[in-house]
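**Student:** Each chain, letter by letter, is given below.
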Amino acid sequence: MKQIIYYIFIFSMAISLTACHDLDEPATTELTPDVFPQDSLQFLAVSGTAYAALRGNYSLDYWFMQTLSTDEAILPARGGNWYDNQNYMLLHYHTWTKDHGWTNGCWSWLARVIGTTNQAISILGEAQPDTDSQKKSTQAELKMIRALSYFMLMDLYGNIPLDTVYGDFTQHPTVERAKVFDFIEAEVKAAIPYLSTTTGTATYGRMTQYTAYALLAKMYLNAGIYAGTDRNNDCIAMCDKIISSGKFALEPRSTYLKMFYPNNGPTMKEFIFAIPYDPAATAFSGTNGYMYHARYDVPRSLKAKFSLPFTPSAPESTLPEFYAYFEDDANDIRNAQWLKGLQYLNDGVTPVTVTTTNLGYDFKYSGSDPSASYTYQVEITPDILLRYDPANFDLGNDEIAWNMGYRNIKFYPDASSTSRNQNNDVPVFRYSDIILMKAEAILRGGTPTLGDQALTLVNQLRANRTTSGDLGSVDLQYIYEERCREFVAEAWHRNDMIRFGTYEQSWGFKTDADPNKRIFPIPTTARTLNTQLQQNPGYQ
Amino acid sequence: MILLFMLTGFSHAAVLAQDARQIKGKVTSNDGPLPGVSVLVKGTTTGTTTDSNGDYSLMVEASNASLVFTFVGYVSEEIPVEGRSTIDVLLVEDIATLSEVVVVGYGTQSKKNLASAITNVKPEEMNKGAITDVAQLLQGKIPGVNISASGDPNVKAAVIIRGASTLNSSQTPLYVIDGIIGADISIVAPDDIASIDILKDASATAIYGNRASNGVIMITTKRGKKGQTQVTYSSYVGVEKVSHRLKMMDANQLRSFLGESGLALSPADDLGANTDWQKTVEKKSAVSHNHNISFNGGTEHNTYSASVNYSYKDGILPKSSLSRVIARLAMDQYALNDKVKFGINLNYSTNNATNTPLRNNVLQQMIYRLPVSPVRDANGDYFENTTTGAYFNPMAMIDHAKDETKYTTFVGGFSTQVKLPFGLMYDINVSYQNENSLHGEAYDSYYSKTYGGVNFYNNPDPPAVHTLLNFGTNGTALRNTYQTTKKILETYITWDKDLGDHTINAVLGYSYQGSEVGDGFQVTSTNFAVDNIGYSNFVLSNPYAIPSYRINFGNDNTYYKTKLISDFFRVNYNYKDKYLLQGSVRRDGSSVFGANNQWGYFPSVGVAWRIIEEGFMTTQSIFTDLKLRGSYGVTGNSSGFNAYTAQFIMGSQGTFYYNGQQLAAYGPVQASNPNLRWEKTATTNIGVDFGLLDNKLSGSIELYNKNTTGMIASYAVNPALVSAGTIVANGGSINNKGIELSLNASPVKAGDFTWNTGINLAHNTNKITSLSNPLFNGGDSITYTRPEGQGQTGATLQIFKTGKPLGQFFTQHYAGQNEAGKSQYIDKNGNLTTQTGSDNYFYAGSPQPKLLMGWTNTFTYKNFTLNVFFRGVFGNKIFNATRADLFRPGTAQYTNVLAEVAGQQADARAYIYSSRFIESGSYVRLDNATLAYNFKLAGNYIKSLRLYTSVNNAFVITKYKGIDPEINQGGTALGVDSNNFYPKTRTFLLGINASF
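Note that the protein sequences, when read in sequence, are chains A and B. Read in order, the letters of the first sequence are residues 55 to 594 in this note's numbering. Read in order, the letters of the second sequence are residues 7 to 1002 in this note's numbering.
Same shape as in the complex, but just chain A:
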């Protein structure tokens, strides 16, 4: 027995000598809160996540939602290509559902920008010492990014939850649109004193006081829609802050188009806030960072014309109803942003030709020798015809179908990028928008200020867009049409249509007139993740 005890003792000794029970294995090769962020460059890198996230899906998901739901653009199927689970068709017909791809994608992107901003606010709130002179302005910038994201969510979905504090994982209920409006307004106003008034390269692509004023102007102009109260004078006051700063000006007619070229940037006088896109930039994870306009708008046959290093897909075009706004004034420089009619290479004389077969040109071809070679000059035609499969939104997969619809090339194709991603920065707020918003607010009953009348403001813009001279009078309808010409492809048309009451009209193949469609449904994924969310009226 003694010996048993002896051996157990020996064994226990052996165990206790070797037996370590320390599981500590710190991460030494990662950015943990112990080592990051600690200095001003690192603080900047943390706040940069919010900007990277914001760039995320603005020019793709958000652009599709704001544009394909209007008469400005349509993206029909071509022989089954681009049908894509009805993603584009539902936007055109206003028959989207809570499971619609872009409705989901856009919500989760904006929620991600908000979450990223909340988390950056929290990290910097703890890491950045109060003595840091930058702390207040960094926090104000982050809150502006969040406010802009909430604005986009409110504009698209109306009634949304407000998640504002990182670490609070409770499910927040739906807040009605008017209350969301109040929240954003208060946030922006609180941020203004700490935001920069510097413009140019140093603050390009970042939130400044002028971004805040522009956002407020946009909100006040739409306050009737968002909150049920017109606030035209508030809108004018915000526009005036920007106008009287003297830091912005309208681009002249000669440089209007260049404002959207791949090499645009901080020198653009009209850009109050733009999102800088760069093919060399890396996307925020979970977002795409795509600026893909040429991919969607340039016909395949024009690859050589624009020296594109990739083959564009070209399914997207405008509708004749929308193009009609451009037909009245031949002197308007903005007409030049469309691809239409017979196509020539950039020398202006060499026709762009395509060699195909009789059937490849026209799938309805019934003459002799359908597979005989057929060469034609590319001509982009105005009308969109569902000649292949109307039920499935399909034009057909022949040359005729691929040439249907005028194409917008405002964000001029970038010949330097191999990845389809373009270098064109995308403006969110431009000075011409301030001018037109002020004019519209005056026409809607606001009080003129600074000696500006709606007519003088509109003529001020016209002087920089056309050589046809001043107008004698202006009405809201004219403002609407001028906005169509000025802001096409800039993701504002849905907002304008709703404000001007044209969103329930029929265009293309869409006849739906349900006013509930002015906001999108709360997506299924969002309601799965937050069971407190109420569905918007008219949606199941």
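Honestly, the hints are just simulated from the structure, not real lab data. It cannot be assumed that every hint is accurate.
Unchecked claim - The calculated DMTMM-like cross-link candidates involving lysine to aspartate or glutamate, where the alpha carbons are at most 25 Å apart (straight line), are: (1) K807/B - D153/A; (2) K152/A - D786/B; (3) K564/A - D833/B; (4) K418/A - E266/B; (5) K686/B - D78/A; (6) K412/B - E441/B; (7) K564/A - D845/B; (8) K418/A - D443/A; (9) K418/A - D275/B; (10) K868/B - D57/B; (11) K152/A - D845/B; (12) K686/B - D76/A; (13) K418/A - D276/B; (14) K118/B - D700/B; (15) K455/B - D405/B; (16) K493/B - D78/A; (17) K567/B - D76/A.
Dock chain B against the given chain A, drawing on the hints supplied.
**Tutor:** Showing chain B alone in chain A's frame:
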């Protein structure tokens, strides 16, 4: 030290010689002389083995000694010498095989006294064929183990034991090789395996705690035996041919189809060829071979076993192969009057895997491509027409790229076992494992020029969102190398006590494992001076000239360290071999879990009642064995996610514009979860083992209920709360219930002819019982698996749904064609529609089989042995997305279609993923037939010689319309055939086993 033992050994031999006498004899069985029988003088280590004629001779010290004759599969005989000088022995076959020993965690147990569900597989029962993957040796052999193998020599078979118990990516069982936990199975050559034990229920696996939820597979390699020296050579050559292809249209069929459809080929495609692209890409035959030489033996105080294996497994696609060399040395050395045993185990495996470049794209293109296009044009250049989107010449893709991985694994173990008084035994084992991989990919300037500007997407497996590939300028290349090391220390004390009717065995131990994973780097470059450099000399590239090019350094979070620390205890109590009780507990700690939950307890208990030993059984003569078992236990799963998953980590989050530059943004990439803990799987198992009619019929029935809770998954989280959008957390639960039956019988034994047969059947019901987390409820109703066929972006095939099995299909409800011949579907309101969209998805079947079957037959006639093995899978569905995407009558002038599309002109949108393409995946395969001849050899040179020939996948009976119904059953995207099925082959093999 070794010298000392040699000296004592010599002096011992000298003593022997003094009054020794020689004994000779012959050992026979009913079939004739038995070579290789171990003959040992009882109570000593003096012994020899019989030669090829069954003869032996040895020196015996004392005339009152006894000789012990042992041979695997025969009943041992103990015969007193009684002064004789010639002793002939007849050994009888041990049919009962109940005396077998199985390997369990930290020890062995006799099979008859097991209280848990363990299946033991001997080498002769394993699958034959050109097999390099250990899992494939077991396919169909064990009830309840679902193994699906790929034809790709570099893709491991998916192994699911008793149904998937996790959504987490890691479903693979834990491999324990010669006691080394978690060792890589690439170090084991199939020829070196002595036995494999599959631990299925929790009373067997719980001793491995939080790593055991997916089951444990114990592999024991061959060891030397004292007094037996043997040299064994085994080899085979196998020839594989493609067993089945998709029936695509040939040029004539396509032309007449297009004519009827009013469609026309583009002159740019139609060069008047008639190319069978599947045949063109696939090799006519693939030749694999394997050579294994081993030396086994032992002297009085040591044993050794060494082997070298070379195997070359050729893939049926070009540039697809695996060549491997494994060297192994195992030595045991006894010391201190044999009270101490030292063991050294060294295993080294070096592998050279070459892959078909962009394999999944090649597999897709070889069925899409038009037969009217040639491989090469009139100039001898590869023919391409990239104006058709996503349309590339697979032969050019293969020719202008390479993709290779070299990986080596070293496993070294040193063990010490000390026999202590009072039945105590002390073991201490240390082991070291080092895995290195060196991977390279190169795509030459042909890719940059031809595919650079034409939107070349990848084709991921499992199907997911396709991403655009960038082939740079003048070629692009990638290289990465990573190293993983594991250090393990295990020490335990075993107490074995026989107290008359009571037998007690107890084990108490400690285990430590430290791992360092992913130590290495990746780099890419572009703009190479010439094409033939590949990835071998990055110096000759100039990426700086391409402003938009970004070097890819791989993924963040690749490098990490983990620690696993455990204490364990097990006790077995046996009363008169009648009542058996086993209990175990493991306390496991792991650094990968949240700070609040690093430690956990994994208990188990098992009981067994050997009814056959009861008095009332003596009066009956039907049963020769009858045992009832029951067990319950809890295991965990802690693998399959990064070590720092529970911690708050920031990382690279893209770039942002600041003052004229793009600066790197760093922010949260992962949320902290201090409560993260292991998945818990509680298993109840009831089993019956029986032997009937003199053990002519024996078998087992197992019933189990396996409940996994706190499933680790990456839960979608409201990104407004946690910006990463996901958090790895414990949440859902999953249940597997099943029944397994295995039967072995010897129905015929007449003269020289015997027929042994065994069948195993397993049924499992898998159900996700919850997908929510107390904090985050984003796990349920997630749709996934996106094959992204043309025009089908956004369409998904499967859904995670509470109450449904893992892999539940969820798609459009196909309702035949309408009068116009167009596909129609049932919408959510029950109406017929030709429109499609995810609104109308419905639950459309499960990819999990209802029944798995393995049926093995061994016929022996004289020296001939014929093995015939059938394997069946029943009741599962396959989503044949490949067939859907080849069902495009409307665009047959651009990409080829299946021959069955003929006459379907009107149904232009037939390809929409729907229940139309969900097919029965049931099949029966004649998996293997092997005919072997054992030579009876005279002379002393060759102890045994066996020649065999074998055919694998002789035929398959199925209604499945794809290439083969053996679709991957692992992961979450199981049962989906999506444009990337590596061709299945039929193998003819000729092999030899010889020992000297």
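**Student:** Next, verify each hint and record whether it holds.
**Tutor:** Here's how the hints hold up against the structure:
In summary, the hint linking K807/B to D153/A is supported, as the alpha carbons are separated by about 16 Å, within the 25 Å threshold. Pair hint K152/A plus D786/B holds up; C-alpha atoms about 16 Å apart against a cutoff of 25 Å. In summary, the hint linking K564/A to D833/B is supported, as the alpha carbons are separated by about 21 Å, within the 25 Å threshold. Restraint check for K418/A and E266/B: satisfied, since their Cα atoms lie roughly 14 Å apart, inside the 25 Å limit.
Pair hint K686/B plus D78/A holds up; C-alpha atoms about 23 Å apart against a cutoff of 25 Å. Using a Cα cut-off of 25 Å, the hinted pair K412/B and E441/B holds, with the two alpha carbons roughly 11 Å apart. Note on K564/A and D845/B: the hinted pairing holds, with a Cα-Cα distance of about 20 Å set against a maximum of 25 Å. Annotation: proposed proximity of K418/A to D443/A holds, straight-line Cα distance about 13 Å (limit 25 Å).
At roughly 21 Å between alpha-carbon atoms, K418/A and D275/B fall within 25 Å of each other, so this suggested pair holds. At roughly 20 Å between alpha-carbon atoms, K868/B and D57/B fall within 25 Å of each other, so this suggested pair holds. A C-alpha spacing of about 9 Å is found between K152/A and D845/B, which places the hinted pair at or below 25 Å, so the restraint holds. With a C-alpha separation of about 23 Å, the suggested pairing of K686/B with D76/A holds against the 25 Å cut-off.
As the CA atoms of K418/A and D276/B are separated by approximately 21 Å, the hinted pair is consistent with the 25 Å bound. Restraint check: the Cα-Cα separation between K118/B and D700/B comes to about 16 Å, which is no more than 25 Å; the hinted pair holds. Taking the CA atoms of K455/B and D405/B, the gap is about 15 Å. The hint holds against a cut of 25 Å. Only pairs whose Cα atoms come within 25 Å are accepted, and K493/B paired with D78/A is accepted, the gap being roughly 16 Å.
Distance check on the hinted pair: K567/B and D76/A sit about 14 Å apart at the alpha-carbon level, within 25 Å; holds.
The structure shown violates none of the earlier numbered hints.
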